[in-house]
Amino acid sequence: DVQLLESGEGLVQPGGSLRLSCAASGFIFSSYTMGWVRQAPGKGLEWVSDINPSGGTTYYADSVKGRFTISRDNSKSTLYLQMNSLRAEDTAVYYCAKAGGASWYHYWGQGTLVTVSS
Amino acid sequence: DFQMTQSPSSLSASVGDRVTITCRASQGINNHLAWYQQRPGKVPKLLIYAASTLQSGVPSRFSGSGSGTDFTLTINNLQPEDVSTYFCQNYNGAPLTFGGGTKVEIK
Chain V
1 DVQLLESGEG LVQPGGSLRL SCAASGFIFS SYTMGWVRQA PGKGLEWVSD
51 INPSGGTTYY ADSVKGRFTI SRDNSKSTLY LQMNSLRAED TAVYYCAKAG
101 GASWYHYWGQ GTLVTVSS
Chain F
1001 DFQMTQSPSS LSASVGDRVT ITCRASQGIN NHLAWYQQRP GKVPKLLIYA
1051 ASTLQSGVPS RFSGSGSGTD FTLTINNLQP EDVSTYFCQN YNGAPLTFGG
1101 GTKVEIK
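Just so you know, the sequences run in chain order V and F. Take 1 as the starting number for the first sequence in the numbering used here and just add one per residue. Take 1001 as the starting number for the second sequence in the numbering used here and just add one per residue.
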């Protein structure tokens, strides 16, 4: 079975940094696009970033461009999201997701909560 | 800026009703549209991709249609377990925008 397990949850001050990880299992990780989607408390879904199977191509939402970096280690079947210069509006549950044939997401992790507050 | 406009933002219907949710893209996205269901407190679940292809295991009362800029999710014979928020998503290219969501409740 496909499993996506996020970690890195935490409380961080505005301007701080945090790295999220997503350990994948149950599929050939190196063959699939992976992404991060977030959901602020009581709000809708917001796509954050995508990375292609090799890690050579990445995409970002304008709201995080220049502050967040997505990466992957295919040898460890792990996806990462490095978040810098965090803002209060980055407070959300962050989901790791596996893309299907294109960038629709057919498997989601349970999510990890990031809280940005002083 | 590219936008996905979803409507209505909420609706209330009776068990057995047909429910229709629409999603409009600010520019054409071919059929690169997915629909997700998020039950309260749960992780989003893929229902439909390529505008009309039902994800494996999803009940056949769910269906999708549309192409270009206008898309529809239909739930036939609404069931109590369908109480959820539904989101559309463009995957035609970055940004992979989600619609604002439609909260479906039972009368």
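No wet-lab data here; the hints were simulated from the structure. A couple of the hints might just be wrong.
To be verified - Below, simulated SDA-like cross-link-like pairs (lysine to any residue); rule was C-alpha separation at most 20 Å, straight line:
#1 1045/F - 39/V
#2 1103/F - 46/V
#3 43/V - 1041/F
#4 65/V - 1041/F
#5 1045/F - 101/V
#6 1103/F - 44/V
#7 1042/F - 56/V
#8 1042/F - 82/V
#9 43/V - 1103/F
#10 43/V - 1105/F
#11 1042/F - 76/V
#12 1045/F - 76/V
#13 43/V - 1093/F
#14 1103/F - 41/V
#15 1042/F - 44/V
#16 43/V - 1022/F
#17 1045/F - 1082/F
#18 1042/F - 113/V
#19 76/V - 56/V
#20 65/V - 1103/F
#21 43/V - 1068/F
#22 1042/F - 1093/F
#23 1045/F - 27/V
#24 65/V - 1093/F
#25 43/V - 1056/F
#26 43/V - 1042/F
#27 43/V - 1038/F
#28 1042/F - 65/V
#29 65/V - 1094/F
#30 1042/F - 41/V
#31 1045/F - 57/V
#32 1103/F - 39/V
Unchecked claim - What follows is a list of derived Cβ distance ranges for each label pair:
#33 1070/F - 65/V: 22 to 32 Å
#34 1039/F - 3/V: 14 to 24 Å
#35 2/V - 1018/F: 43 to 53 Å
#36 14/V - 1063/F: 29 to 39 Å
#37 1093/F - 23/V: 45 to 55 Å
#38 1041/F - 117/V: 36 to 46 Å
#39 21/V - 1041/F: 16 to 26 Å
#40 1020/F - 17/V: 36 to 46 Å
Ideal placement from N, C-alpha and C gives every residue a C-beta, glycine not left out.
Cross-check of the supplied hints:
Restraint check for residue 1045/F and residue 39/V: satisfied, since their Cα atoms lie roughly 14 Å apart, inside the 20 Å limit. For the hint linking residue 1103/F to residue 46/V, the alpha-carbon distance of about 16 Å falls within 20 Å, and the restraint holds. The suggested pairing of residue 43/V with residue 1041/F holds, with an alpha-carbon distance near 12 Å, which does not exceed 20 Å. This hinted pair does not check out: residue 65/V and residue 1041/F have alpha carbons roughly 29 Å apart, beyond 20 Å.
Using a Cα cut-off of 20 Å, the hinted pair residue 1045/F and residue 101/V holds, with the two alpha carbons roughly 16 Å apart. For a cut-off of 20 Å, the pair hint linking residue 1103/F to residue 44/V stands: about 10 Å separates their Cα positions. A C-alpha spacing of about 32 Å is found between residue 1042/F and residue 56/V, which places the hinted pair above 20 Å, so the restraint is violated. A C-alpha spacing of about 25 Å is found between residue 1042/F and residue 82/V, which places the hinted pair above 20 Å, so the restraint is violated.
Taking the CA atoms of residue 43/V and residue 1103/F, the gap is near 11 Å; set against the 20 Å cutoff, the hint holds. Under the criterion of a C-alpha separation no larger than 20 Å, the hint pairing residue 43/V with residue 1105/F is consistent with the structure, at around 17 Å. Proximity of residue 1042/F to residue 76/V is assessed by CA-CA distance (about 27 Å); at most 20 Å being required, the pair is judged violated. The hinted pair formed by residue 1045/F and residue 76/V fails the criterion: a straight-line CA distance of about 26 Å is larger than 20 Å.
For the suggested pair residue 43/V and residue 1093/F, the alpha carbons sit about 23 Å apart, so the restraint of at most 20 Å is broken. Restraint check for residue 1103/F and residue 41/V: satisfied, since their Cα atoms lie roughly 15 Å apart, inside the 20 Å limit. Annotation: proposed proximity of residue 1042/F to residue 44/V holds, straight-line Cα distance about 13 Å (limit 20 Å). Taking the CA atoms of residue 43/V and residue 1022/F, the gap is about 19 Å. The hint holds against a cut of 20 Å.
At roughly 12 Å between alpha-carbon atoms, residue 1045/F and residue 1082/F fall within 20 Å of each other, so this suggested pair holds. For the proposed pair residue 1042/F and residue 113/V, the alpha carbon gap of about 14 Å is at most 20 Å, so the pair holds. Restraint check: the Cα-Cα separation between residue 76/V and residue 56/V comes to about 17 Å, which is no more than 20 Å; the hinted pair holds. Between residue 65/V and residue 1103/F the CA atoms are separated by roughly 30 Å; this puts the pair beyond 20 Å, and the hint is violated.
Between residue 43/V and residue 1068/F the CA atoms are separated by roughly 27 Å; this puts the pair beyond 20 Å, and the hint is violated. Only pairs whose Cα atoms come within 20 Å are accepted, and residue 1042/F paired with residue 1093/F is rejected, the gap being roughly 27 Å. Restraint check for residue 1045/F and residue 27/V: the C-alpha separation of about 18 Å stays at or below 20 Å, so the hint holds. Only pairs whose Cα atoms come within 20 Å are accepted, and residue 65/V paired with residue 1093/F is accepted, the gap being roughly 16 Å.
With a C-alpha separation of about 27 Å, the suggested pairing of residue 43/V with residue 1056/F is violated against the 20 Å cut-off. About 13 Å separates the Cα atoms of residue 43/V and residue 1042/F, which keeps this hinted pair within 20 Å; it holds. This hinted pair checks out: residue 43/V and residue 1038/F have alpha carbons roughly 12 Å apart, not beyond 20 Å. Proposed proximity of residue 1042/F and residue 65/V is contradicted: the alpha carbons are some 28 Å apart, above 20 Å.
Simply put, residue 65/V and residue 1094/F have alpha-carbon atoms about 12 Å apart, close enough for the 20 Å limit, and the pair holds. A C-alpha spacing of about 13 Å is found between residue 1042/F and residue 41/V, which places the hinted pair at or below 20 Å, so the restraint holds. Under the criterion of a C-alpha separation no larger than 20 Å, the hint pairing residue 1045/F with residue 57/V is inconsistent with the structure, at around 26 Å. A C-alpha spacing of about 15 Å is found between residue 1103/F and residue 39/V, which places the hinted pair at or below 20 Å, so the restraint holds.
Between residue 1070/F and residue 65/V the beta carbon distance is about 29 Å. The supplied range of 22 to 32 Å therefore holds. Here the CB-CB span from residue 1039/F to residue 3/V is close to 20 Å, well matched to the stated 14 to 24 Å. Distance hint check: the CB atoms of residue 2/V and residue 1018/F are about 33 Å apart, inconsistent with the given range 43 to 53 Å. Roughly 45 Å separates the CB atoms of residue 14/V and residue 1063/F, a value that falls outside the hinted 29 to 39 Å.
Look at residue 1093/F against residue 23/V: about 28 Å separates their beta carbons, and that is not inside 45 to 55 Å. Hint check: residue 1041/F to residue 117/V, Cβ distance near 22 Å, so the stated range 36 to 46 Å is violated. Against the hinted window of 16 to 26 Å, the Cβ-Cβ separation of residue 21/V and residue 1041/F comes to about 23 Å, which satisfies the hint. Against the hinted window of 36 to 46 Å, the Cβ-Cβ separation of residue 1020/F and residue 17/V comes to about 44 Å, which satisfies the hint.
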